[in-house]
Amino acid sequence: MPLESLLYPVSTDNLIEIRDVSFSYRDRPVLKGVNLMAPRGKVIAIMGGSGCGKTTILRLIGGQLRPSKGEVRVDGQVIHQLGVDDLYQARRKMGMLFQFGALFTDMSVFENVAFQMREHTNLSECMIHDLVLMKLHAVGLRGAQNLMPHELSGGMARRVALARAVALDPTLIMYDEPFTGLDPISLGVIGNLIRRTTDALGLTSILVTHDVHESLEIVDYVYFISNGVVEAEGTPDEIRSTKLPFVHQFIHGEEDGPVPFHYPAPDYAADLGLRSDS
Amino acid sequence: MQPKKNIISRIGHSVIDSIWMTGVATRFLVQVLWRSGTSWLRFQLIIKEIYASGVLSLVIIVVSGLFVGMVLGLQGYQTLQTYGSEQSLGVLVALSLVRELGPVVAGLLFASRAGSAITAEIGLMKTTEQLKAMEMMAVDPIARIVAPRFWGGVISMPLLAAIFSIVGVFGGYLVGVVLIGIDEGAFWSQMQAAVDVREDVINGVIKSVIFGFAITSIAVFEGFDAKPTAEGISRATTRTVVTSSLAILALDFILTAFMFRGI
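Going down the list, the protein sequences come from chains A and B.
Quick note: the first sequence uses our numbering, first residue 1498, plus one each step.
Quick note: the second sequence uses our numbering, first residue 203, plus one each step.
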C-alpha cells in the first residue's frame, strides 16, 4: 500500500479530496500544497483574489490539468492517473458551469441542453424532448427553448448552462464565477438555483467566486486561497466572524491590507525624479 | 559582435520554432485522422460541414469560374488568331481550367472563403470556452468539432474545383462561340478530342483533393492553435489564408512537375 494512502486514508464521505497539491504554470507557482475536501451533498465555495488559482483547482478536479505534486481524488479515483477513456467516463459524472456559460453558439437553447443526451445516451427523441423541457423548466426557461444563445441575457445564458450541466444528473457540479456580470435579480436567481439544484438532486457543488455576500448565503463551507495556499477555511458564520486580516479585507472589500492596493514599485518620488534614489 | 550573434541566434530560434510547429501540426493532423471515426459513423456531421464549406462557397466559385473562363476565351482567341488556330479555343480553355486554373484558383478562393471561416469558427469556440466545455462533458472536441470540418472541407474542395472548371468552360463558350462566333462544333469536338480523362481530368481531380487536404489541415490547426483572444483569432485567420495560398502554389508546382512532365 502506498505511504500516502496510509497517511491520508481515502474517505467515502468526501466526493472530492485534494491533498497537498502543487501546480505551476511554467515557472510560475500557482498552488503550493493545497488541501481541500468536498463532502457529498454540500456546496463548497473557493474564494480568493484574481489569479490566485481558484479556476486552476476546478481544472485539476476536471482532469484538464495535472498537479506537479499531490493528489486529486474524485469519488475515490485519482483523476490525473486515469487514462483518456476512464477520464472521459469520470467526466460524465461531472457538470461544469463556465464563467459566461460557454453555450454552443451554433445550437439553440434546446439543442444545448440536449447535447450530452445525444452524445452519451441512446434515448429516443421523445424522451430527450421531455427531459430537456424538464431541465429547462427547473431553471425557468422552458419558454426560451427555441432561442439562440445570442438572444439570451447574461443571467439567462448562465441558467441555460446550469440546465445543460445537470442534463445527465451528475454527482458533482463545478461553478466557475457564476455571478460575474449579473444584475442583482439574476444574481439572486442563480444563487438560489445553485442551492436548490444541489439539495434537490443530492449533488456536490464547488463554487469558485469573488462574490462574498451572495456566496456566503448559499454555501456550506468556504476555502480562502491566497498566495497558493489555503489561507482560511470554515463555515459561513466562522468566516464572517474571523479576525484574519486577509479574509477581513476580502469580505469587507477594503482597499488596502494584506493584499496591497499598489503593485510593487520603486519609490514614487524617485520615479517622478523628485529626489535621487541613491 | 553582439548584434551579429543576436541575428544568428534569432534565425536559429525561428528555425527551431518552425520545425517544432510543423511537428505539433503533424501530430494534430494524425490525431484528427485517428479520431475521425465518429464523423463517418454520424455522417450528418460531415454533411453539415459540406454545406458550410462547400455550398456556401458556391457563389464565389461560380462567379469567379465564369469570369476566368470568359477572360481565357478573350485572351486565348487573340493569341490563337495570330496562328490561324482560333478553332482550338475550346482546347485551350478546357486544358487551362482542368489542369491548372480549376484546382488552383478554386483552391485559393476556398482557402479565403471556407478556410478562414473554419479557423475563425474553431478559434472563437476556443475563446468562448466552448471547446473546454465540450471536454468537460466528456466529448472529444477533435472528434466532434475538428474532424467533421476537416472532412467536410476535403470532400467539398474537389467538387468546387470541378464546378469551377465546368462553369469556366461555359464562360469560354459564351465568349468564343456566342460573342465572337467561333464554330460551335469545332469548339466542342476539338475539346473532346484533346482532353484526356486520365492525363488531364483525373490529374486535375488529384490536385484538387490534395489542395483540399492541405487547406483544411491548415485551417483546423490554426483555429485549434489560435490564441484565445480577438487578436489571436485575427492572426490565425490571416495565417490560414497566407499559408494555404503558398501551400497551394508550391504543391501545384510539385504535382505538375510529376504529372505532366514525367519527372
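A few of these clues could be false.
Claimed, not checked - Below 27 Å or equal to it, Euclidean Cα-Cα: the simulated DSSO-like pairs (lysine-lysine) are: (1) B:K250 x A:K1566; (2) A:K1539 x A:K1590; (3) A:K1590 x B:K334; (4) A:K1740 x A:K1566; (5) B:K250 x B:K334; (6) A:K1566 x A:K1590; (7) B:K429 x B:K334; (8) A:K1529 x B:K334; (9) A:K1590 x A:K1740; (10) A:K1566 x A:K1529; (11) A:K1529 x A:K1539; (12) B:K334 x A:K1539.
Said to hold, decoys possible - Selected chain A positions facing chain B (Cβ under 10 Å, derived; list incomplete): (13) G1580; (14) V1581; (15) Q1596; (16) H1626; (17) D1673; (18) G1750.
Because the hints were derived from the structure by calculation, they are not lab data.
Every residue, glycine too, gets a C-beta built ideally from N, C-alpha and C.
Checked hints:
no., hint, in the structure
1, B:K250 x A:K1566, "violated, 44 Å"
2, A:K1539 x A:K1590, "holds, 16 Å"
3, A:K1590 x B:K334, "holds, 16 Å"
4, A:K1740 x A:K1566, "violated, 31 Å"
5, B:K250 x B:K334, "holds, 22 Å"
6, A:K1566 x A:K1590, "holds, 25 Å"
7, B:K429 x B:K334, "holds, 14 Å"
8, A:K1529 x B:K334, "holds, 25 Å"
9, A:K1590 x A:K1740, "violated, 38 Å"
10, A:K1566 x A:K1529, "holds, 9 Å"
11, A:K1529 x A:K1539, "holds, 25 Å"
12, B:K334 x A:K1539, "holds, 25 Å"
13, G1580, "violated, 13 Å"
14, V1581, "holds, 9 Å"
15, Q1596, "holds, 7 Å"
16, H1626, "violated, 19 Å"
17, D1673, "holds, 9 Å"
18, G1750, "violated, 28 Å"
Hint check: violations occur at hints 1, 4, 9, 13, 16, 18; the rest are consistent with the structure.
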